[in-house]
Amino acid sequence: ETGVTQTPRHLVMGMTNKKSLKCEQHLGHNAMYWYKQSAKKPLELMFVYNFKEQTENNSVPSRFSPECPNSSHLFLHLHTLQPEDSALYLCASSQDLVSGANVLTFGAGSRLTVL
Amino acid sequence: RKEVEQDPGPFNVPEGATVAFNCTYSNSASQSFFWYRQDCRKEPKLLMSVYSSGNEDGRFTAQLNRASQYISLLIRDSKLSDSATYLCVVRGGGFKTIFGAGTRLFVKA
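If you read the protein sequences in the order shown, they are chains A and B. The end of the first sequence is residue 115 by the numbering used here, with every number in the run present. The end of the second sequence is residue 109 by the numbering used here, with every number in the run present.
Just chain A, same shape as in the assembly:
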C-alpha cells in the first residue's frame, strides 16, 4: 500500500444509520485532515489532526465525529446524517502543520450518499 488509502470508496446510508469512514497513510506524515467536497463547491476543511491531537474543528456538526488513534489512521464516524451531507469526503495528510511547503497528499475519497 502506498500513499493515502480511504475505505469504503462508496457508501450509501439512511439517515438513521451509523457508519464510519477510514483513512490510512503510509507516508510517515504527522498531520491528517478530513475535507468535504460538494458539487461545484470548494473543498471544505472539516478537521485537522497533528500528532494525533485535534487542532481544528471547522464548525462541523456533531453528527460527524472524528477519531485519530495514531498518526497513520484517521476515522470519520457518521450518525443521523442529512441528505445534504451527501458529498465526496477526502482524507489528506502532510508532513506536519508548519513546514513551508506543507503539501497535502489526498486519498481517493469516499463518496457518500445519504438517503
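A hint or two may mislead.
Once the Cα atoms are required to be at most 27 Å apart in a straight line, the calculated DSSO-like pairs of lysine-lysine come out as [unchecked claim]: (1) A:K36 <-> A:K18; (2) B:K2 <-> A:K40; (3) B:K42 <-> A:K19; (4) A:K19 <-> A:K52; (5) A:K18 <-> B:K42; (6) B:K108 <-> A:K40.
What follows is a list of derived Cβ distance ranges for each label pair [said to hold, decoys possible]: (7) A:K18 <-> B:S52: 47 to 55 Å; (8) B:P14 <-> A:S65: 47 to 55 Å; (9) A:H77 <-> B:G16: 47 to 55 Å; (10) A:T55 <-> B:E15: 42 to 50 Å; (11) B:K79 <-> A:T55: 35 to 43 Å.
Residues of chain B clear of chain A, computed beta-carbon distances all greater than 10 Å [what the hints assert, rightly or not]: (12) N12; (13) N22; (14) D57; (15) A109.
Hints in this document: simulated from the structure, not taken from any laboratory. Just so you know, even glycine gets a beta-carbon here, dropped at the ideal spot from N, CA and C.
Chain A is fixed; fit chain B onto it per the hints.
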C-alpha cells in the same frame, strides 16, 4: 469576498493551444501557493508549487503577484490529457489551507 477566487470556466481549447488561468486571494499574509489538478471523480493531486520568482515545469508555468494578490497558471501546447479541473490553493499561517472552487479545462482534438 471569497478567500480564493477562480473563474470556474469551462475553458474549451483545441490541442496545441496555450491557456492561462488566474486566481485571486484575499489574505495578504498568505505564505504558500499551489496549483492542484483534479480529474473527474478523482482526488486532487499537486501539480506545482508557486514561487515568488515564478517557476516552470515543462509546459506549465506558474507566477505569483503578491502586490495584486493573484497567481496564474499557463499551459502551453495543450494535450488532451490536460483536461481536468485546476485548483488554486493558498496557505496562510499554520494549517489554514484554502482551496478555490476550481477552473475546468477541456482540451479537444
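Going through the hints against the structure:
no.	hint	verdict
1	A:K36 <-> A:K18	holds, 18 Å
2	B:K2 <-> A:K40	holds, 14 Å
3	B:K42 <-> A:K19	holds, 22 Å
4	A:K19 <-> A:K52	holds, 21 Å
5	A:K18 <-> B:K42	holds, 25 Å
6	B:K108 <-> A:K40	holds, 22 Å
7	A:K18 <-> B:S52: 47 to 55 Å	holds, 48 Å
8	B:P14 <-> A:S65: 47 to 55 Å	holds, 49 Å
9	A:H77 <-> B:G16: 47 to 55 Å	holds, 49 Å
10	A:T55 <-> B:E15: 42 to 50 Å	holds, 45 Å
11	B:K79 <-> A:T55: 35 to 43 Å	holds, 40 Å
12	N12	holds, 18 Å
13	N22	holds, 16 Å
14	D57	holds, 14 Å
15	A109	holds, 27 Å
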